[in-house]
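A.B. asks: Chain by chain, the residues:
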Amino acid sequence: MLSIEGLYKRFGDKEVIKGLNFHVPKNSIYGFVGTNGAGKTTTMKMVLGLLEADAGTILVDGERVTYGNTDTNRGIGYLPDVPEFYSFLTTREYLALCGRICGLSDKTTKTRAEELLERVGLAGEKHRIKGFSRGMKQRLGIAQALINRPKLLICDEPTSALDPVGRKEILDILKEVREETTVLFSTHILSDVERICTDVAFLKDGVIALEGTIDQVRTLKSNGEFLVETLNPAGTEALCAHFPNAKVSGEQVVTLTGNDDEMLKVMAFLSGNNIPVLKVERAETSLEDLFMEVTKHE
Amino acid sequence: MNNVLFTWIRKEFTDSWRNGRLIIFLIVCFGVGLMNPITAKLTPMLIEMMQDQMKDMGIVYDPPTITALTSWEQFAKNIWIPLLVFVLMFGNIFTKEYGAHTLTPMVTKGLKKTTILWGKAIQLILVWTAGYAVYFGVTLMYTEYYWGTEDELMRRVWDMTAMFYLYSLFIVALLVFFSVLWKEFSGVLVSMVTVLGLDLVFGMFPKVAKVLPGRISSPGLLLQKGYEDRYEYAMGDFAVPFVVTLVVIVVLFVLSTILMKRKSVD
Chain A
1 MLSIEGLYKR
11 FGDKEVIKGL
21 NFHVPKNSIY
31 GFVGTNGAGK
41 TTTMKMVLGL
51 LEADAGTILV
61 DGERVTYGNT
71 DTNRGIGYLP
81 DVPEFYSFLT
91 TREYLALCGR
101 ICGLSDKTTK
111 TRAEELLERV
121 GLAGEKHRIK
131 GFSRGMKQRL
141 GIAQALINRP
151 KLLICDEPTS
161 ALDPVGRKEI
171 LDILKEVREE
181 TTVLFSTHIL
191 SDVERICTDV
201 AFLKDGVIAL
211 EGTIDQVRTL
221 KSNGEFLVET
231 LNPAGTEALC
241 AHFPNAKVSG
251 EQVVTLTGND
261 DEMLKVMAFL
271 SGNNIPVLKV
281 ERAETSLEDL
291 FMEVTKHE
Chain B
1 MNNVLFTWIR
11 KEFTDSWRNG
21 RLIIFLIVCF
31 GVGLMNPITA
41 KLTPMLIEMM
51 QDQMKDMGIV
61 YDPPTITALT
71 SWEQFAKNIW
81 IPLLVFVLMF
91 GNIFTKEYGA
101 HTLTPMVTKG
111 LKKTTILWGK
121 AIQLILVWTA
131 GYAVYFGVTL
141 MYTEYYWGTE
151 DELMRRVWDM
161 TAMFYLYSLF
171 IVALLVFFSV
181 LWKEFSGVLV
191 SMVTVLGLDL
201 VFGMFPKVAK
211 VLPGRISSPG
221 LLLQKGYEDR
231 YEYAMGDFAV
241 PFVVTLVVIV
251 VLFVLSTILM
261 KRKSVD
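Top to bottom, those sequences are chains A and B.
If you're matching positions, the first sequence starts at 1 in our numbering and goes up one per residue.
If you're matching positions, the second sequence starts at 1 in our numbering and goes up one per residue.
To be clear, the hints were calculated from the coordinates, so they are not data collected in a lab.
Do not rely on the hints blindly, as some may be mistaken.
Stated by the list, open to error - Using C-beta positions, here's what the derived DEER-type ranges look like:
#, chain 1, residue 1, chain 2, residue 2, range
1, B, L221, A, T90, 49 to 59 Å
2, A, S87, B, V250, 32 to 42 Å
3, A, E179, B, V250, 50 to 60 Å
4, B, N19, A, G121, 42 to 52 Å
5, B, N3, A, K26, 23 to 33 Å
6, B, N3, A, A123, 48 to 58 Å
7, A, K107, B, L34, 28 to 38 Å
8, A, K126, B, V190, 50 to 60 Å
9, A, G121, B, K77, 53 to 63 Å
10, A, E176, B, L34, 42 to 52 Å
11, A, T90, B, L84, 31 to 41 Å
12, B, L126, A, E118, 48 to 58 Å
As the list claims (entries may be wrong) - Some chain B residues judged to face chain A by a derived CB distance under 7 Å, without partners named:
#, residue
13, H101
14, T108
15, L111
16, K207
17, A209
18, K210
For every residue, glycine included, the Cβ atom is placed at its ideal position computed from N, Cα and C.
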């Protein structure tokens with residue numbers, strides 16, 4: 001859906017984006033993660049044609065993005081971190097304006113606006129936008145971004161300034177829209193990525209440091225540990241005695257290292273010796289650990 | 001008219017209507033337009049009322065004869081007031097959007113920057129034209145009611161009005177051009193004052209003054225005594241700056257369009 005090749009951007013002496021390459025698959029929720037100042041917003045603005053790239057190619061659904069020409073934006077919805085609206089309009093008037101700008105007919109716009117306002121929980125809101133809370137603005141921001149049924153929805157840190165309830169609402173909406181669109185979602189809140197994203201890329205110093213599906217990324221950086229929690233201390237002792245690399249890592253919890261074959265051997269041992277267990281699970285590396293590892297300064 | 005451009009212009013008018021700017025501006029134009037014949041009408045009465053006091057002070061002053069010309073002279077004198085109010089009230093229609101980042105969702109929906117420029121420029125022209133028409137119309141109505149305007153004077157009034165209208169479009173074109181260049185309204189105002197100041201300074205040199213737009217900014221000259229005898233000559237005198245102003249307006253709009261395409265509105 002979105003393809004970026006060899007992207008460069010410099011502000012004065014500072015090179016912010018240094019040969020960025022990544023591909024966002026169709027119907028994915030792509031978490032674009034990086035520290036503040038890593039270049040996430042700069043990249044998104046270049047995708048939207050709001051900033052001019054120094055070099056590189058950006059393709060949105062196969063169509064090249066050109067600065068100053070907003071044609072590719074017709075297939076994109078954009079939700080900035082702090083969306084700003086015309087406060088003198090009502091939600092319906094604002095969505096009508098957006099619909100007409102996208103080239104939708106008045107009838108389609110009206111139907112779509114009602115559908116979206118219902119979805120984001122603003123259907124009963126008849127007042128002007130002036131006086132809306134941050135959360136309401138964010139929800140209206142999603143509605144405006146989706147008015148033209150975009151192929152690609154770009155969200156720039158949409159949850160960074162919201163309370164937990166507001167965050168959950170926004171994440172739920174983004175999760176729902178995956179069926180009809182591809183979502184590029186920049187954030188530095190890793191729990192949000194874990195909650196909704198299918199793919200993730202870590203941006204560090206203007207290049208992608210790690211990219212893949214959430215499972216791939218975890219496996220890639222996993223050290224092969226798995227945990228066995230036994231029902232009684234005797235089981236823990238038996239495991240430690242039989243497997244030299246077993247380490248007690250908690251009350252009746254043993255940590256072992258190895259691939260899936262090794263894990264099967266352990267399970268066969270437990271079964272063969274009638275050792276009761278509560279669980280056997282692969283120790284997953286959290287995205288936070290991965291992020292810290294990827295972004296640490298050498 | 002392009003549907004998106006029409007939508008954009010409608011949004012601009014909704015803004016100025018709902019925040020009261022449009023109605024306030026039209027009321028100001030009406031009030032200042034009304035002041036012209038009223039001032040002319042009241043002047044002799046005021047002088048008459050003060051005559052006793054003036055006599056005591058040894059000043060003898062015959063009340064002037066008030067005609068339609070007096071009212072139109074007031075019109076020419078006050079013509080800058082609506083324009084100044086217009087620039088102050090509507091001059092920030094670009095810069096306030098840059099500051100509020102309200103254009104970002106529009107541009108990311110595919111709204112062309114040139115449509116933003118032309119929508120706002122058309123709104124500025126329409127609002128100013130409406131205000132100027134109110135200003136002229138009110139003066140005309142009351143002047144006709146009190147004195148009636150002879151055909152010869154009326155011809156000069158029309159020419160004067162058209163002349164200043166073109167000059168006001170030059171001001172609008174400058175406003176649009178500097179609004180494309182700057183992000184802050186203060187930058188726009190300072191640039192405009194600088195250009196108008198330079199126009200004034202160069203206007204002191206008679207040879208240069210003949211071609212500058214500033215020449216048509218004082219069309220009240222056309223009403224002065226003596227101009228009726230050499231009217232054709234006077235119009236000829238204004239012809240060159242009229243054409244120059246027209247060309248400058250076109251150039252400013254073309255440059256604004258080119259620069260707007262490259263401008264970051266985020």
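A.B. asks: With reference to the structure, classify each hint as holding or not holding.
C.D. replies: Going down the list of hints, with the structure as the test:
no., hint, in the structure
1, B:L221 / A:T90: 49 to 59 Å, "51 Å, holds"
2, A:S87 / B:V250: 32 to 42 Å, "36 Å, holds"
3, A:E179 / B:V250: 50 to 60 Å, "52 Å, holds"
4, B:N19 / A:G121: 42 to 52 Å, "28 Å, violated"
5, B:N3 / A:K26: 23 to 33 Å, "31 Å, holds"
6, B:N3 / A:A123: 48 to 58 Å, "27 Å, violated"
7, A:K107 / B:L34: 28 to 38 Å, "47 Å, violated"
8, A:K126 / B:V190: 50 to 60 Å, "42 Å, violated"
9, A:G121 / B:K77: 53 to 63 Å, "59 Å, holds"
10, A:E176 / B:L34: 42 to 52 Å, "60 Å, violated"
11, A:T90 / B:L84: 31 to 41 Å, "34 Å, holds"
12, B:L126 / A:E118: 48 to 58 Å, "37 Å, violated"
13, H101, "5 Å, holds"
14, T108, "4 Å, holds"
15, L111, "5 Å, holds"
16, K207, "42 Å, violated"
17, A209, "40 Å, violated"
18, K210, "40 Å, violated"
Hint compliance for this structure: hints 4, 6, 7, 8, 10, 12, 16, 17, 18 are broken, all remaining hints hold.
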